[in-house]
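Respectively, the protein sequence lines represent chains A and B.
Each residue of the first sequence is one higher than the one before, starting from 7 at the first, in this note's numbering.
Each residue of the second sequence is one higher than the one before, starting from 66 at the first, in this note's numbering.
Please note that a few of the clues may not be correct.
Part of the chain A face toward chain B, derived, beta carbon under 8 angstroms [as the list claims (entries may be wrong)]:
(1) 28
(2) 32
(3) 35
(4) 36
(5) 47
(6) 50
(7) 83
(8) 95
(9) 97
(10) 101
(11) 102
It is worth saying that the hints were derived from the structure and are not from the lab.
Just so it is clear, the structure is predicted and the values come from calculations on it, not from any experiment.
Think of the CB as a built atom: it goes at the ideal place given N, C-alpha and C, for glycine as much as any other residue.
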Amino acid sequence: MKHARHDLDPVIHSPVRFSIMAVLVAVDECEFSSLRETVELSDSSLSQNVTTLERSGYAAVSKRQVGRRTHTWISATPTGIAAFARHLDTLRAIAGI
Amino acid sequence: MINSNDSGAEGARDILTLAHAAQDAATKRTRWFGWCLILVGLLMIPVTLASRGPLLPFVACVAVALAMLIGIEAFMRRRRVVPRDSKNNFLIAVGIWFVLLIVIQSLVPSGANIWFLLATALASTPFFAFGVRALVSRPRLDVPGS
Numbered sequence: 007m008k009h010a011r012h013d014l015d016p017v018i019h020s021p022v023r024f025s026i027m028a029v030l031v032a033v034d035e036c037e038f039s040s041l042r043e044t045v046e047l048s049d050s051s052l053s054q055n056v057t058t059l060e061r062s063g064y065a066a067v068s069k070r071q072v073g074r075r076t077h078t079w080i081s082a083t084p085t086g087i088a089a090f091a092r093h094l095d096t097l098r099a100i101a102g103i
Numbered sequence: 066m067i068n069s070n071d072s073g074a075e076g077a078r079d080i081l082t083l084a085h086a087a088q089d090a091a092t093k094r095t096r097w098f099g100w101c102l103i104l105v106g107l108l109m110i111p112v113t114l115a116s117r118g119p120l121l122p123f124v125a126c127v128a129v130a131l132a133m134l135i136g137i138e139a140f141m142r143r144r145r146v147v148p149r150d151s152k153n154n155f156l157i158a159v160g161i162w163f164v165l166l167i168v169i170q171s172l173v174p175s176g177a178n179i180w181f182l183l184a185t186a187l188a189s190t191p192f193f194a195f196g197v198r199a200l201v202s203r204p205r206l207d208v209p210g211s
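The following block holds chain A by itself, in its conformation from the complex (with noise of 0.2 angstroms):
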């Protein structure tokens, strides 16, 4: 029997990623800062795991003008909900939860 960690996402399976993930998962969008903030991660570190799920399908990117200043939202993509959805089914699997 095929062993449950065949089916982890190696996209997400970086915790920094499936942390990113659960967020958008949860929101309709998010600005850059604001996630930035509650994954407790630098500017550059987000901005390339943003990259890596944007590149991948799982997350889109769009900038706003606020005022006088662009700004970047991050929302998760419906093939992106459904990856985290799977994977999460997995660690479930895995942690025997």
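Put chain B on the given structure of chain A with help from the hints.
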């Protein structure tokens, strides 16, 4: 420290706990939406009541309400964290409020002030219901012991 390659039971539990904490923090940042909807529900009561008064005609009240709702929607778009399904919930609440407003206008006879007041409060209940739901909602990750 969590090892990202640890797929054992303990490592999996650690990752779930970490993700649960992040989601819990994100959910706390979305509490504004619940208070915002409750405030909208309260603001809609005088607007609805005014639609029966001598000062404003019904169409003007609806215009005031819609202008207010558009302003609130613009405010929501500027928030840093927008809770899941918030736009849908807001639109559903506005839709139900509008339908109830039309029903109340046609069913409650003029002069029946106490009934009109109760019906007006009833029309605002979708805002209160979605607001309270947003305030008490918990993260979807449910990790025992976290």
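Taking the hints in turn, this is what the structure says about them:
1. Checking residue 28(A) against chain B by beta carbon gives a least distance of about 4 angstroms; that is within 8 angstroms, so the hint holds.
2. At about 5 angstroms, the closest approach between the beta carbon of residue 32(A) and any beta carbon in chain B falls short of 8 angstroms, and the interface hint on this residue holds.
3. The beta carbon of residue 35(A) comes within 5 angstroms of a beta carbon in chain B, closer than 8 angstroms, and the hint placing it at the interface holds.
4. Using the Cβ-Cβ criterion of 8 angstroms, the hint placing residue 36(A) at the interface with chain B is satisfied: the shortest such distance is roughly 5 angstroms.
5. This hint is violated: residue 47(A) has a C-beta 10 angstroms from the nearest C-beta of chain B, more than the 8 angstroms allowed.
6. For the restraint placing residue 50(A) at the interface with chain B, the shortest Cβ-Cβ distance is roughly 18 angstroms, beyond the 8 angstroms limit, so the hint is violated.
7. Interface hint at residue 83(A): violated, since its Cβ lies 13 angstroms from the closest Cβ of chain B, which is beyond the 8 angstroms cut-off.
8. Here the hint on residue 95(A) is broken, as its CB sits about 11 angstroms from the closest CB of chain B, past 8 angstroms.
9. Of the supplied interface hints, the one on residue 97(A) holds, with its beta-carbon coming within about 5 angstroms of a beta-carbon of chain B, less than 8 angstroms.
10. Annotation: interface hint on residue 101(A) holds; nearest CB of chain B at approximately 4 angstroms, less than 8 angstroms.
11. The closest approach between the C-beta of residue 102(A) and any C-beta of chain B is roughly 6 angstroms, which is under the 8 angstroms cut-off, so the hint is satisfied.
Checked against the numbered hints above, the structure violates hints 5, 6, 7 and 8; every other hint is satisfied.
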